[in-house]
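Turn these sequences into a full structure, and let the hints steer you where they fit.
Take 10 as the starting number for the sequence shown in our numbering and just add one per residue.
Note that these hints are calculated values from the structure, not bench results. Where a beta carbon is used, it is the ideal one built from N, C-alpha and C, also for glycine. Each hint should be verified, as a subset may be incorrect.
[Said to hold, decoys possible] The following label-pair restraints were derived from C-beta to C-beta distances: (1) P178 to A208: 20 to 26 Å; (2) L96 to V124: 40 to 46 Å; (3) I177 to A208: 23 to 29 Å; (4) S138 to K14: 32 to 38 Å; (5) S205 to N131: 28 to 34 Å.
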Amino acid sequence: MAFIKSVHAVFKKDLQLELRTKFGLNTIIAFVLSSLMVLIFALRAEDLQDHARSGLFWIIVLFAAMAALSRSFVSESDQGTLELLRLRFPAPQIFTGKLIYNFGFTLAVATFTFVLYIFLLNISITLWSIMVIGILFGSLGLASVSTLLASLVAQGNQRGAVFSVLAIPLLIPLILIVSKVTFTGFYGDTDGSYLSDIAALIGYCGVTVTAGSLLFDFVWND
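Here is the structure:
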């Protein structure tokens, strides 16, 4: 019960901070809308291949979410409350609360982008169940990697640049896998090969969440 209360407190703090400042929301809405406009008018989205459409969707989600996820621990660092957070909650509760918040935030970003994407590009979904799985676990993978890395770079200089340099190599495998799953959701699959992609996606999330929970204690208390 104490664990759940601590996790809820961390989650609630981040949610209230976002609702008060709206930094992440405003940044993401502007980025997603501008990216979609460039995609439609400059890149001529109607001429893109099907695989490219699937990949571009997750590239937009990736960079939109990273703008906010990289700041997961910035508020504590800027306000000088990192030590207070360390004293108030154990590391596992902090990681879990931050992860749940980041997952919910990333899921909201992916859903918002998805609705605009299929509407503006006039894409019909063939397999909704596969699409839902892709968005859920794709968001979880982004959140799990970003939560750990954000804590790692929170106290350094050039945080945004360092976060991007560290995150992109770790997230490339996720983007490749979830793009295949999204392609199946968009256009279907007749040979059942998507099952291996879903297994790889779930496995990636399992590894990153587990590794993050194990490594966070060392990163946070260093």
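Hint check:
The supplied range of 20 to 26 Å is met by P178 and A208, whose beta-carbon atoms lie about 22 Å from each other. Hint check: L96 to V124, Cβ distance near 42 Å, so the stated range 40 to 46 Å holds. Look at I177 against A208: about 24 Å separates their beta carbons, and that is inside 23 to 29 Å. Separation of S138 from K14 is about 35 Å and conforms to the stated range, judged on CB atoms against 32 to 38 Å.
Checked against the hint of 28 to 34 Å, the pair S205 and N131 passes, with Cβ atoms roughly 30 Å apart.
Consistency note: the structure conflicts with none of the earlier hints.
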